[in-house]
Amino acid sequence: MDQELWPSGLRVLVIDNNSSYLSVMEELLIKCSYKVTTYNNVREAMSFLYGNKQTVDLIICDVCFPTEDGLLILQEVTSKFDIPTVVMSSNGDTSTVMKYITNGASDFLIKPVRIEELKNIWQHVFRKQIGVEHRKCNSSQQVDQLSYGTTGITEATMDSEIRENNGTVTDIRDLRKSRLSWTIQLHRQFIAAVNSLGADKAVPKKILEIMKVKHLTREQVASHLQKYRLHLRNSTQTLHKGGAPSSSSHPNNESSILGTQVNSPPNSLYFDQDGCMEITDYSLPKDDISSGSDCMLGELNSYSPECFQDDFRWDSEKQGSETTYLWNFEA
DNA sequence: GCGATAATAT
DNA sequence: CATATTATCG
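Residue numbering for the first sequence follows my numbering, starting at 1 and increasing by one per position.
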């Protein structure tokens, strides 16, 4: 529709190791009246983020880095900051897009990025701020001012739900009730850990180490892993359910989920953003970490300035509530 | 259905 | 033996 009504002043952080393209992006974004900060170095960008997370509304990050892994970067950012993150790459395969979207990306832009696409990215900021309530955006003249409240963006679940440090759960104990509740954030960290190890290397102990959540036990991770695999199976092979046995097409990957590097998420329901959850299906741990096979857990937590200490939500007795949309939504 | 725990397996 | 995986419990 109209073209002059997108919010100006949106503060965008762009990360791309290609300085030339970084300039292109900067130019395009400035034409959109956004405020732009660019980094061609992931680590520097992360440092900047840790120091200025209150002043960044949106992140646009390329996912093809020589040494860094785009997926890990995305997971790092989305789990530690509640800032909408848009991913861009020259490769727009559905499976690739799926991989990033299921891991928290707000959008996926295929290079070369057109200015028309950038004109619309502000919607992700609003979507996140407004959160559950998605009211009919009249798209008219109410988008003029962004509520840049320093604490504005970060407040998805602040109430009595989760108390965390910048979006990352680091400890659980505080609300010592009885049963651990796997919240989205915690689950994300779990997924991030599983993904960074490989499918075959993702075992409770290592996952626990990577997650670095105090007082979380190996047993709890094991239990969650069990369910995770179970649900993964269910959605991976959707044929099931009294219909045609599907005798054609797919060569039937009978090798278990763990055996080798299974890939390709054929079917799946991805997510339902606004409401509450977003995780319904996960891309398999197969990833493109530079090296390839060996894990690199030692340095996984590259960024992360300091230690932490926060709480987490335990659930005492009442659980029949509206929790748990993690991976089920029933038919 | 969820997460904890017991029972097995590696 | 320690830890991973599966089964069962509440």
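Calculated from the structure, these hints are not laboratory results.
Quick caveat: nothing in here was measured; it's all calculated off a predicted structure.
Cβ atoms here follow ideal geometry from the backbone N, Cα and C, with glycine treated the same way.
Careful: at least some of the hints might be erroneous.
What the hints assert, rightly or not - Below are the DSS-like pairs computed for lysine-lysine, each with C-alpha atoms no more than 30 Å apart in a straight line:
(1) Lys214 - Lys119
(2) Lys214 - Lys53
(3) Lys35 - Lys53
(4) Lys227 - Lys201
(5) Lys31 - Lys53
(6) Lys31 - Lys111
(7) Lys201 - Lys214
(8) Lys212 - Lys119
(9) Lys212 - Lys201
(10) Lys35 - Lys111
(11) Lys119 - Lys53
(12) Lys214 - Lys227
(13) Lys205 - Lys227
(14) Lys53 - Lys227
(15) Lys31 - Lys119
(16) Lys206 - Lys227
(17) Lys212 - Lys227
As the list claims (entries may be wrong) - Restraint-style ranges between C-beta atoms, simulated for each label pair:
(18) Thr217 - Cys64: 35 to 41 Å
(19) Asn234 - Ser23: 45 to 51 Å
(20) Asp200 - Asp93: 38 to 44 Å
(21) Asn18 - Ala222: 39 to 45 Å
(22) Cys64 - Asp200: 31 to 37 Å
(23) Leu230 - Arg114: 38 to 44 Å
(24) Asp93 - Gly51: 19 to 25 Å
(25) His215 - Arg127: 18 to 24 Å
(26) Gly92 - Lys35: 46 to 52 Å
(27) Thr94 - Arg233: 37 to 43 Å
(28) Pro66 - Arg218: 22 to 28 Å
(29) Ser20 - Ala222: 17 to 23 Å
Keeping to a limit of 30 Å between CA atoms, is the pair of Lys119 and Lys53 held or broken?
Given that 30 Å is the threshold and the Cα spacing comes to 22 Å, the pair holds.
Can the suggested window of 19 to 25 Å be confirmed for the beta-carbon pair Asp93 and Gly51?
Roughly 35 Å apart at Cβ, these two residues miss the hinted range, so it is violated.
Verify the proposed pairing of Lys214 with Lys53, using a straight-line Cα cut of 30 Å.
holds (24 Å)
Satisfaction of the hinted span 45 to 51 Å by the C-beta atoms belonging to Asn234 and Ser23:
This hint holds: roughly 47 Å between Cβ atoms.
Take a quick look at whether Lys35 and Lys111 sit within 30 Å of each other, Cα to Cα.
holds (21 Å)
Proposed proximity, Lys119 with Lys214 (alpha carbon, max 30 Å)
violated (42 Å)
Need the status of pair Lys31, Lys53: alpha-carbon distance at most 30 Å?
holds (23 Å)
Do the beta carbons of Thr217 and Cys64 sit within 35 to 41 Å of each other?
holds (37 Å)
Hinted pair Lys201 and Lys214, Cα distance within 30 Å:
holds (22 Å)
Taking the Cβ atom of Leu230 and the Cβ atom of Arg114, is their distance within the range 38 to 44 Å?
holds (42 Å)
Proposed proximity, Lys119 with Lys31 (alpha carbon, max 30 Å):
holds (9 Å)
Restraint status (C-alpha distance of Lys214 to Lys227 at most 30 Å)
This hinted pair holds, its Cα atoms lying about 21 Å apart.
The structure shown violates the earlier hints numbered 1, 8, 14, 20, 22, 24, 25, 26, 27, 28, 29.
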